[in-house]
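Residue numbers (this note's numbering), protein chains in the order written: chain U, 1 to 445; chain A, 1 to 445.
It is possible that part of the hints are untrue.
The list cannot tell twin chains apart, which means a pair is met if one copy fits it or any two copies do.
[What the hints assert, rightly or not] Calculated pairs, DSS-like style, for lysine-lysine (alpha carbon to alpha carbon, straight line, at most 25 Å):
1. K332 / K268
2. K296 / K332
3. K437 / K296
4. K332 / K207
5. K268 / K437
6. K332 / K437
7. K268 / K143
8. K207 / K437
9. K207 / K268
10. K143 / K207
11. K296 / K143
Since the hints were derived computationally from the structure, they do not count as laboratory data.
Here is what each chain is made of, one letter per residue.
2 protein chains.
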Amino acid sequence: MASTEKRKDDQEPLDTDELREAWPALSEDEQLEGFLRLPREDAEDLFTSLGPHEQGQLLGAIPSGQRRIWMRALAPDDAADLLQELEDPLRDDLLMLLDEPTRREVRALMAYAEDDAGGLMSPRFARVRPDMLVDEAIRYLQKQARGRLEAIYYAYVLDSEQRLLGVCSFRELFAAAPDRLVRDVMQSEPVTVREEMDQEAVAHLMKRHGFLALPVVGADGQMKGIVTLDDIVDVVDEEATEDVQKFGGMEALEAPYMHTSFGAMIRKRAGWLAILFVGEMFTATAMAQYEHDIAKAVVLAVFVPLIISSGGNSGSQASTLIIRAMALGEVKLRDWWRIVQRELAAGLTLGVVLAVVGATRIVIWESVFHTYGAHYRLLAITIALSLVGVVTVGTFCGSMLPLLLKRLGLDPASASAPFVATLVDVSGLLIYFTVAKLVMGGTLL
Amino acid sequence: MASTEKRKDDQEPLDTDELREAWPALSEDEQLEGFLRLPREDAEDLFTSLGPHEQGQLLGAIPSGQRRIWMRALAPDDAADLLQELEDPLRDDLLMLLDEPTRREVRALMAYAEDDAGGLMSPRFARVRPDMLVDEAIRYLQKQARGRLEAIYYAYVLDSEQRLLGVCSFRELFAAAPDRLVRDVMQSEPVTVREEMDQEAVAHLMKRHGFLALPVVGADGQMKGIVTLDDIVDVVDEEATEDVQKFGGMEALEAPYMHTSFGAMIRKRAGWLAILFVGEMFTATAMAQYEHDIAKAVVLAVFVPLIISSGGNSGSQASTLIIRAMALGEVKLRDWWRIVQRELAAGLTLGVVLAVVGATRIVIWESVFHTYGAHYRLLAITIALSLVGVVTVGTFCGSMLPLLLKRLGLDPASASAPFVATLVDVSGLLIYFTVAKLVMGGTLL
């Protein structure tokens, strides 16, 4: 809090790093004020480091006479991402601030969905011909470097039809003897991605191969652009946030927490909460079946929250593990039988652990406070056996449901939580009261 | 399953991509068998794409006569990561397979913790002197490229004491006039990281600036190495997995699901599950206070699971949102008051939504099945008011606890789930039975 107050007192230009750090937490007015006070070069650093959503907000707030330099500071793929966040007429106004060739590039990129390879790529890659000498290729790249290039870690070898023949890392080209032919130095059969490939799949491929950039090719083999690793880092973060928010039982937000409107946030949260609520109503239906048993032995009701929360916790552990392992490719659908064995064994073991803790607690409470009366041994046995059953079922359901949802073509991350919760709570109640009837039948029940 | 069977039938060499894709899900024997059948070059691609843990397992399984080529295929930072995963004598055996200068580099890197900048960095960076001409610098880099370089996207400008003066992107150097001095082309005051900086902070800095590599400097300003973006992508993935597993109420696993031993997995899971269980025992204590009320109106017990699960779900939504927003830097501790206002309003709104759904359900059930008897209106009011209270409290606790834990210097991701669950369940019961007494006092209670 100290730094916010300080900022208001003295009107010194802000440190860029400080402003960048605080950015997501500032209001739009504070952002604009801080941005306009930065020296030109720092402001450009800050601007290009923002996400498209934040850039769009800022540009919307900047006086229209000053927008041109900022639009022109963006690489075409970033400009396209930004414009895709905006609505006309602002979108069209900003597009017209670009020079004619860039505008053409950006228009082409805007035709792609934001989250496929085409939407991530930059058309400004370094290209050479297969029949150039290494020496010529380096001089040709030097010329390209003075023009408009996103980056030069790889030189792409294209034929006269712009079809991709191979790729040279800049290091390889640089280390090669100057009089060799590019075609003899290049790696043929490069790893490529198609324009319409989903960004998550692109990220997966890039991480697997450890490349800094991947070439994007069209259906005809023509090279369209490159996707670079820095775009992918954002994707990895985005996907992780989406997964985490879905685990938390809500729809993924599209913008940072502080910049999501109250109405949008309620809509994202109320939907799943209501679905979960309707699912959990089955617990009331299940409980209603045992009203007579509860009336006879009210002590049974006392342990209901403990029993169902144990099932729920073990279920969410198991589903978290499996969902994340699937997301990272560590686990495939065809492993289901090994997972069944492993999770059944884990569930039983964990259930026994909790059963021991639970039964011990009842025995101690009874001997100290005399809470549970003459039948406390039967109660301890009921609780212990129920816990073994509930935790085993919870673990099993928690691990199998994500696999089942995936098999059905649904998103395991977003749909597992509510299904597991309802299934585990309702089956937990059934197990508990069934065990109680078996153990206490004839005495308490 | 089809592809596993196919693989066992025909003994054709495997497709590398197929093997890489299936890798995490294969047993160690299957991994070794597949790896040894690959052509040399494909095997190298696969080997370098594996994580240090997987590389270590594979090297341990490979006949010792064949290990040398694989050790020598690794960059020094990757070799150090791998060796840090292993125990002596295998670690020492593998270290001795490296050539003398690399061994020295690797030994130096192994002195760093695996998860700080020193542990991630490579000592093989491209260096130039400030008083070289651009032309000379390019030729000097060409010579370095033929030797041992990790990458050449940036040339680092060092003085004679190896202190970092500035940095040139390769593109800038390449585009500059050949007769300019490096010191006039370079960017001075480069962004640097210290050896002991935590990898998460390095990732944060790198993403913020959008650099492909960051220089690592010691306390004396001497440059020690570079951390490259591809190391950071792994970090981002790792941290996201850890966060997700902590959300799921367990300790983070250190290895992929399928490669974690049963015992290790149980230990990681049983601890938190038992803590949660002990926490949830307070629900039994709370319920015990209301045994007489439940005995008088058993219908109250019927709705206990529904009420507490609603509180739990709204709490986990809120804590997920805030924890992830903190992890991404969108929310700071000093924003707590804005978060309080926002989440109280959100909790009230969400509570009203659920209250309407819940009360409607009771009224419909009563009119169709006549389940709840003459006092169903009082019951509907009790449930509705309790839901508003429970969801508001759940949302409030869920959003504030991560901030409080952070303030106390604890990890908000790992500790929030159990605290929120217990707090929300116990306070939910108190709210529910208090509301019931107020609404039903004199009639049912």
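For each hint, the structure was consulted:
no.	hint	result
1	K332 / K268	between (30 Å within a copy, 22 Å between copies)
2	K296 / K332	neither (48 Å within a copy, 52 Å between copies)
3	K437 / K296	both (11 Å within a copy, 22 Å between copies)
4	K332 / K207	within (18 Å within a copy, 31 Å between copies)
5	K268 / K437	neither (42 Å within a copy, 34 Å between copies)
6	K332 / K437	neither (41 Å within a copy, 52 Å between copies)
7	K268 / K143	neither (51 Å within a copy, 57 Å between copies)
8	K207 / K437	neither (55 Å within a copy, 59 Å between copies)
9	K207 / K268	neither (31 Å within a copy, 27 Å between copies)
10	K143 / K207	neither (31 Å within a copy, 29 Å between copies)
11	K296 / K143	neither (89 Å within a copy, 88 Å between copies)
Violated hints, in rising order: 2, 5, 6, 7, 8, 9, 10 and 11; the structure is consistent with all others.
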